[in-house]
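Undergrad: The lines below spell out each chain.
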Amino acid sequence: MRLWYLLAAALAAFPRTASAQMVAATAAPGPDWMAIGMFAAIIVATLVITYRSAGSTKSKADFYTAGHAITPLQNGLAIAGDFLSAGAFLGISALIYANGLDGLLYVLGFLTGWPIVLFLMSERMRNLGSYTFADAAAFRLDRTPIRLVAATGSLVVVLFYLIAQMIGAGKVIELLFGVNYLFAVIGVGVLMILYVTVGGMQATTWVQIIKAALLLCGGTLLALAVLWHFDFSFGELFAAASKIHPKGSAILAPGGLFAEPVSAISLGLALVFGTAGLPHILMRFFTVKDAAGARKSVFYATSCVAYFCLVTPLLGFGAVPILMSDSSYFHVGASGQFNKITDLIGGPNMASIHLAHAIGGPILLGFISAVAFATSLAVIAGLTLAGASAVSHDIYGQAIASGRASEAREVWISKIAAVIGIVAVLLAYAFENQNVAFMAGLALSVAASCNFPVLAMAIFWRGTTTRGAVAGGLAGLVASVVLVVLSKTVWVAVFNFKAAPFPYENPALFSMPLAFLFTWLFSVTDQSARAIRERKAFDAQFVQSEIGMAPATESRTLAPAAS
Amino acid sequence: MLQLTPDRTCEILADPAFKELVSARARLRWTLSIVTLIMFFGFIALISTAQGALGATVAGSPMPLGLLLALFMIVLVVFLTGLYVRLCNSRFDERARALNREFGQ
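Read top to bottom, the protein sequences are chains H and C. Last residue of the first sequence: 563 in the working numbering, with the numbers rising by one and none dropped. Last residue of the second sequence: 105 in the working numbering, with the numbers rising by one and none dropped.
The set of hints was computed from the structure by calculation and includes no laboratory data. Hints should not be assumed to be uniformly reliable.
Said to hold, decoys possible - Simulated crosslink set (EDC-like; lysine to aspartate or glutamate; CA at most 16 Å straight-line):
| no. | chain 1 | residue 1 | chain 2 | residue 2 |
| --- | --- | --- | --- | --- |
| 1 | H | Lys536 | C | Glu11 |
| 2 | H | Lys415 | H | Glu432 |
| 3 | C | Lys19 | H | Asp539 |
| 4 | H | Lys536 | C | Asp7 |
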């Protein structure tokens, strides 16, 4: 009965997919049955998994963490699946397609966050917490204020990331199938609500594993095809690319985009430390048995991300000579002229998709489109789950009910995921034609300036008090949001003002140190009885984080606030 | 499971084996973190100061220097994470488990 309901919902999510094919002859490589078949296969496979997971998702631990029973390899793949968004897959290859080596800075930033997550976060998270990163942050601090700050930071990150992802997914579907954008976004929303509310962490994990495998296979296939096209000679590939690219051999030198060091450093900080503060990533450390498992998962995840980083530049560079020499992939003007970057049908972000069509025909196009779709779904599901757990576990379970809520009730509240889904659909619809390029960047900046400082100070510095952590977290959150609004991407591109008061695109260089400064300042000046108790409790937290070996249950009652 | 009463906590903190484990692991953690960060932000510094040099092709290789450096860093990141996981999961976890057992009754 339930399976039937899921399938019906999925079908409703994609109305007119088939008929849309007939009318959408405008986009160059039009939709085809191959792609539709693969999309359908992915949706059916993930829904079957969701249905089967539903049976084993009863308790709180099942829902948030799949009972801490995911293996490190599975978790590593799922982390990679959670992290490598469609933005990373399509966006980085597009960046390299348009600018050449400059895209590499993004690639390296994406990757460099991982060792930091491993060295500083993974084992302490696992040893101190059970469900969300706020567990670790609130270990010895006053649970209500800390959880509220952590949950607010998480929700801001989740919401902005989610909107950016949903718009991307909606656009891909609209372009490929000619489905109305609203239906596309609703379809994605329905799927993500089903995955999360019915299947919980178990289903979300499997959606992410499937996606990671598809993404790595698809990337490999495309890269091999590019190399084969150039007789496996890098020299020929780069020579052909710099010959036809409007920027010529400048694409082989970095610098154009990031010549200005302040912006580059700020972006780098957001990429590296933002990764260490993403709630949906940190949450994944609780799905494994212990700290050793958490570390191993990060190693597997890093390997996947690194492999992806090696492959993506090939796609970007390969697309240059293959696409730019074929005008059928561009909007050609009346005079027969076209801009080799901006006139690409669907924009530069579609470079990899067109590349698949150019070298593999409709079959590869269908496969790569399906990969891009699965990629969006997996990230969206992970984000929704993280948002739902911030509300049900941190805000309701711990802050409001002070940890005395019954498990069943907390899991019931987590169905709030449905509300998050609906809000995301509405926002994605409202922002359809807005410039949303800033949203993913803002999400990372908030993660780096609110979540990361609060967590890092709480677990590494004895002096941190509740007052300091709250002040620091709020300062980082407010500063990063305000600075993004005052920057060119919002002030000029969205509000249409002439000049932006904040001259850089990314605020992390300013907002992150501010968060640390506030945490320090409001902690050292805090002489309340609570602050003294909290500093004293650092010893126990320290021992627990070093040799505590992962409390698998929540029988831990160390937090001074609880005593 | 570890019961951390104040007395027990003091006892563990004073334990030489615990102290050694903690300082060895902290050394490894912070050294590797700093190496990673220097590498990444060093690359950013290079981008803004030595664009020309990064774009030059290396003799005997079809790739520009910047790309080769980036590829090298990608491999190095995997190596560093692998090294940390290996050392922690074999050597350090063994000692942490022993301490956990010793103080865990």
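Undergrad: Now tell me if each hint is right for this structure.
TA: We went through each hint and held it up to the structure:
1. At roughly 15 Å between alpha-carbon atoms, Lys536/H and Glu11/C fall within 16 Å of each other, so this suggested pair holds.
2. Only pairs whose Cα atoms come within 16 Å are accepted, and Lys415/H paired with Glu432/H is rejected, the gap being roughly 26 Å.
3. Taking the CA atoms of Lys19/C and Asp539/H, the gap is near 13 Å; set against the 16 Å cutoff, the hint holds.
4. Pair hint Lys536/H plus Asp7/C holds up; C-alpha atoms about 12 Å apart against a cutoff of 16 Å.
Violated hint: 2 only; the structure is consistent with all others.
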